[in-house]
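Visitor: Based on the sequences and whatever the hints tell you, model everything.
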Amino acid sequence: MSTFARDPWTEPPIGLLAELTHRCPLACPYCSNPIDLVRRERELSTADWLCVLDQAAELGVLQLHLSGGEPTLRSDLEAIVAHARKLEIYSNLITAGVGVSERRLEALAQAGLDHVQLSVQDIDPEGCDRIGGYRDALARKIAFARAVRRLGLPLTLNAVVHRHNLDRLEGFIDLALELDADRLEVAHVQYYGWALVNRAALMPTRGQLERSVAIVEEARARFGDRLLIDFVVPDYYARHPKPCTSGWGRAVIVVAPDGRVLPCHAAHVIPGLVFANVKDKPLRWIWQESPAFQRFRGFAWMQEPCRSCPRREIDFGGCRCQAMQLLGDPEATDPACSLSPHHTRIMAMADAEAAASPPTFRYRRLEPASSC
Amino acid sequence: MSVAAEDRLVLARGVRLRFDPVRNCHVLLAPERVLFPCPTSVAILERLREPRTLSDLARELASEFDAPEEEIAQDVAALMRDLIAQHVVRVERRAQ
Ligand code: SF4
Ligand code: SF4
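Protein chains in written order, with the numbering used here: chain A, 856 to 1227; chain B, 655 to 750.
What the hints contain is simulated information worked out from the structure, not anything from laboratory work.
No incorrect hints appear here.
Derived lysine to aspartate or glutamate pairs resembling DMTMM-like cross-links, with alpha carbons at most 25 Å apart:
no. : chain 1 : residue 1 : chain 2 : residue 2
1   : A       : Lys941    : B       : Glu700
2   : A       : Lys941    : B       : Glu704
3   : A       : Lys1136   : A       : Glu866
4   : A       : Lys941    : B       : Glu686
Calculated from the model, a selection of chain B residues having no Cβ within reach of chain A, i.e. all distances over 10 Å:
no. : residue
5   : Glu660
6   : Asp661
7   : Arg662
8   : Arg701
9   : Arg703
10  : Ser709
11  : Arg713
12  : Ala716
13  : Ser717
14  : Glu718
15  : Ala721
16  : Pro722
17  : Asp729
18  : Ala732
For each residue, glycine too, the CB sits at the ideal point set by N, CA and C.
Guide: Take a look at the structure:
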């Protein structure tokens, strides 16, 4: 049995990430949303989203990730889920789980929701409030998780980890087991959007990273048949970069709240790319022909060392947005790669940030941002 | 994890098997994962929408494919171990 598209760039897209809204009750400093958040007035209508789903199903999309912001703030979420179910698209709700009643959840389950992914900022109540910028978040999240399981829906706990909560990683595993979660995602912060702004405040030490690897390995050995644990290592300390979005324009489509379509949720950091909008263009054209999706398909755009590297078909040269953000060149080898001539400098920067005392968070807010 | 002949097996929570007319093949949808099972796996996975024991599976497949039951039982057991390790199939808790 093989995972994933077999031939690069000839297969239909697998997943659609629907950023239904950028509104969110929380204000996590590592939020991957862009600094320039989309306001409510510019959000797509229900009819727009249903039309996007119709086109996505025709293109071959199999999974729908309902994300944001906080997707449950859209009162039409049930209608969107029901439509996905009608089209046989697998629906996954990515939520912070505060302010979602059990009745609402039941309505979503009845509409055919397939899976719930709940973010937990910290297992320490105070830490959880401080990171999310929201009071009593943890108790609400736990109540939400219990409701998910009462309804018989599968549950993933998503733990974004960084220097402020990594020392409690065992506690996240205990919580996942206690809540009867099916899956735990331990994801080191990826430095895009707000996380990049807050990088120095979040960067873990190498010691913390190594400990987290050991804890996850041990937990997999002990609880592996009850709990699936996925682990995302921090880019800056990696040897090889992640295969970002499984290759540019190859498996994933991101639709922003206002209808712009991106190959990756961070792609707006690359200057010169124009993202077509589902309100103006058919999704099939955007996927197959739009210049933004074509920009980094294949290998011809690559520089050395990627161009002649045997791993290029595994990781596609890493992340274009990261190359842009750290080196100012979207065609460069992702500096997270140990073969990049800039890798040592990036690692040294991470080490230095992790060693210094953390600056205060700049919280993610819709208002013109100010330092908190 | 080993599987006994009388263990009841079923698709794991959140796992859905469907036919995809765009790719013209079956797909197995799970949280954050899509798998493309081969036709033999599909024949088995289709039956696991409802709980089945290894012996049930071996018997049903032996008659469908007109093959010796013992051989089939071994292949099925190996495939089940693999799918359980991937959290696609689970052993039903017998206490329930
Ligand atoms: S990361 Fe935090 S702030 Fe951003 S969408 Fe998720 S819960 Fe909201
Ligand atoms: S050089 Fe490029 S292709 Fe090779 S491992 Fe590094 S990022 Fe991947």
